[in-house]
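4 protein chains.
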Amino acid sequence: MHRILPLLMVLLLAATSAFAASADKPAMQLADDLTLAEAQSVVNAALAFSAKQGVPMNIAVVDAGGNLKAFFREDGAFLGSIDISQKKAVTARFFNMPTAKLGAAAQPGQELYGIEVTNDGLIIFGGGELLIRKGSIVGAIGVSGGSVKEDTAVAQAGAAALK
Amino acid sequence: MHRILPLLMVLLLAATSAFAASADKPAMQLADDLTLAEAQSVVNAALAFSAKQGVPMNIAVVDAGGNLKAFFREDGAFLGSIDISQKKAVTARFFNMPTAKLGAAAQPGQELYGIEVTNDGLIIFGGGELLIRKGSIVGAIGVSGGSVKEDTAVAQAGAAALK
Amino acid sequence: MHRILPLLMVLLLAATSAFAASADKPAMQLADDLTLAEAQSVVNAALAFSAKQGVPMNIAVVDAGGNLKAFFREDGAFLGSIDISQKKAVTARFFNMPTAKLGAAAQPGQELYGIEVTNDGLIIFGGGELLIRKGSIVGAIGVSGGSVKEDTAVAQAGAAALK
Amino acid sequence: MHRILPLLMVLLLAATSAFAASADKPAMQLADDLTLAEAQSVVNAALAFSAKQGVPMNIAVVDAGGNLKAFFREDGAFLGSIDISQKKAVTARFFNMPTAKLGAAAQPGQELYGIEVTNDGLIIFGGGELLIRKGSIVGAIGVSGGSVKEDTAVAQAGAAALK
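As given, the protein sequences belong to chains A, B, C and D, one line each in that order.
For the first sequence, the numbering used here gives the first residue as 6, with consecutive numbering after it.
For the second sequence, the numbering used here gives the first residue as 6, with consecutive numbering after it.
For the third sequence, the numbering used here gives the first residue as 6, with consecutive numbering after it.
For the fourth sequence, the numbering used here gives the first residue as 6, with consecutive numbering after it.
Next up, chain A with everything else stripped away, as it sits in the complex (with noise of 0.2 Å):
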């Protein structure tokens, strides 16, 4: 009994959901759409990677339709990468690959040299990793405030709680 309430209580709020569609309001959301409750998981994770780290990084999730779901900023962290984390976000789910693999066809000489003037501005440097769930992207995770290195590592331990 008390394992069964829990899992009522679940299937409840499911059929309760913005997911649910109904005669009279259709469904506001892809069903298979990243889920706000991921999205807290990606960021928390992603926080409690930094952490470790311990430089101060802003750290922004996308859906699918690479609109923003979450950000966070931690205390200290470059007020210039509250954009640049969302556009690495949005560049990675934009293209569907991370930010870095972009940015090596961006270069001088390169075939898409030029392209981060486009969308408002893309990032072609590390720290946008998309997120994907059994074998779909549902969206991206961008992380800025340290060096590339660094903002790849916590955008890819925050990616990984997804899988």
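Misleading hints may appear alongside valid ones.
The list cannot tell twin chains apart, which means a pair is met if one copy fits it or any two copies do.
Straight-line alpha carbon distances no greater than 27 Å define the calculated DSS-like cross-link-like pairs of lysine-lysine that follow [as the list claims (entries may be wrong)]: (1) K168 / K139; (2) K30 / K168; (3) K57 / K168; (4) K168 / K106; (5) K154 / K57; (6) K139 / K106; (7) K154 / K30; (8) K106 / K154; (9) K106 / K30; (10) K168 / K154; (11) K30 / K57.
Note that these hints are calculated values from the structure, not bench results.
Please arrange chains B, C and D on chain A, whose structure you already have, making use of the hints.
Structure of chains B, C and D alone, referenced to chain A:
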């Protein structure tokens, strides 16, 4: 001893935090600005109230400088309210009053009519509230996703977590 | 008595200033943020240095939140540098380092290549310097109008007024 | 002799100033445009009036070309008024009338209804005043931070310094 240990850890954390000035590295954040821990308590209080109210919301928190500190979008909340919630928080802090109060002065025939086209777009209806800690404005919360009444109730529930 | 009177006046001014919290009205500015008096001393030191150097400059000062606090354009200074001087100050504060240092990391082949398209445009050459008061970053100064060397010299002369 | 020396120094300064055309270098600023010295006297008069009035203000001065020449934000003044004060000065100069006068023509039902969305945002309420030197418009001052009446009083006090 069990009571002292947590206190020591807090002091140790404080000593190594982003606020701590040192010979090598200046403090990156003003000592009395909004902290992430505070922003999280504000956002969580807003989320808890919103869950009870049953209308999915976008919830944004900015610090004393008007820069984004935390953001969550509940499942099914309006995508258009990502921007509105953030602009509500910015508007409240930029004019040191709830957005509803600014809105009253911005109606046709009132003295601030037309103010909304400044600052890349202000919000002149309710849902933005100040965050005040011990008599000092340290930021603002902006909520968007339901009626103005519903948005305002969530914003006020969030703001109350700080006082 | 003659020495006490000025002190009393300072205390009186402080008590009635924008920082003073009261039952009616919360403090509008964080107690340790850059003051206008400080910004003026920074700008005036920059102007004095610039006058000696002989190249007309745009001089901008932002506070800890990256918001404009003071600005002067010398006669004959580049109109295009109104924006650049302000962006230099914002860039320095947004990344807590002189713009020259950020610029070194943003060159082709370096790890922040492309960062300048974020935040509505960053400046990745010299002329933006941090304003540091007692080990805490309280803002930044941006100077534009001459060569990078000339701009930097004026910015550093301004920043030195605060230390 | 004591009276002649200062005059000689002024003439000497003028000859080496940014206004002075030479074979090598054309003059960078119109001979009769607003000078920084004038802008400073305008801003200082506005600051002095504002200090007496007791409401912290943002004060912006633009030259004949509508480009920013001087700016000060008093401690505790609205962050949202950085933009508004500058837009007030630009609006006044762009239409060669106080912003209050333009605003009257921009009300619902009036012939310039909607004009505020042009020019990246105009201000259609009081607080922007022309700077006139000997019958010629040489710039404008914009003030924002209090009620329209308070803003206008400070702007007019500043403008009066030039006449």
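Now for the hints, and whether the structure bears them out:
{"no.": "1", "hint": "K168 / K139", "verdict": "within (7 Å within a copy, 29 Å between copies)"}
{"no.": "2", "hint": "K30 / K168", "verdict": "between (32 Å within a copy, 15 Å between copies)"}
{"no.": "3", "hint": "K57 / K168", "verdict": "within (21 Å within a copy, 30 Å between copies)"}
{"no.": "4", "hint": "K168 / K106", "verdict": "within (20 Å within a copy, 38 Å between copies)"}
{"no.": "5", "hint": "K154 / K57", "verdict": "within (15 Å within a copy, 40 Å between copies)"}
{"no.": "6", "hint": "K139 / K106", "verdict": "within (22 Å within a copy, 38 Å between copies)"}
{"no.": "7", "hint": "K154 / K30", "verdict": "between (46 Å within a copy, 21 Å between copies)"}
{"no.": "8", "hint": "K106 / K154", "verdict": "both (14 Å within a copy, 18 Å between copies)"}
{"no.": "9", "hint": "K106 / K30", "verdict": "between (41 Å within a copy, 15 Å between copies)"}
{"no.": "10", "hint": "K168 / K154", "verdict": "within (21 Å within a copy, 33 Å between copies)"}
{"no.": "11", "hint": "K30 / K57", "verdict": "between (45 Å within a copy, 19 Å between copies)"}
In terms of the numbered hints stated before, the structure departs from none.
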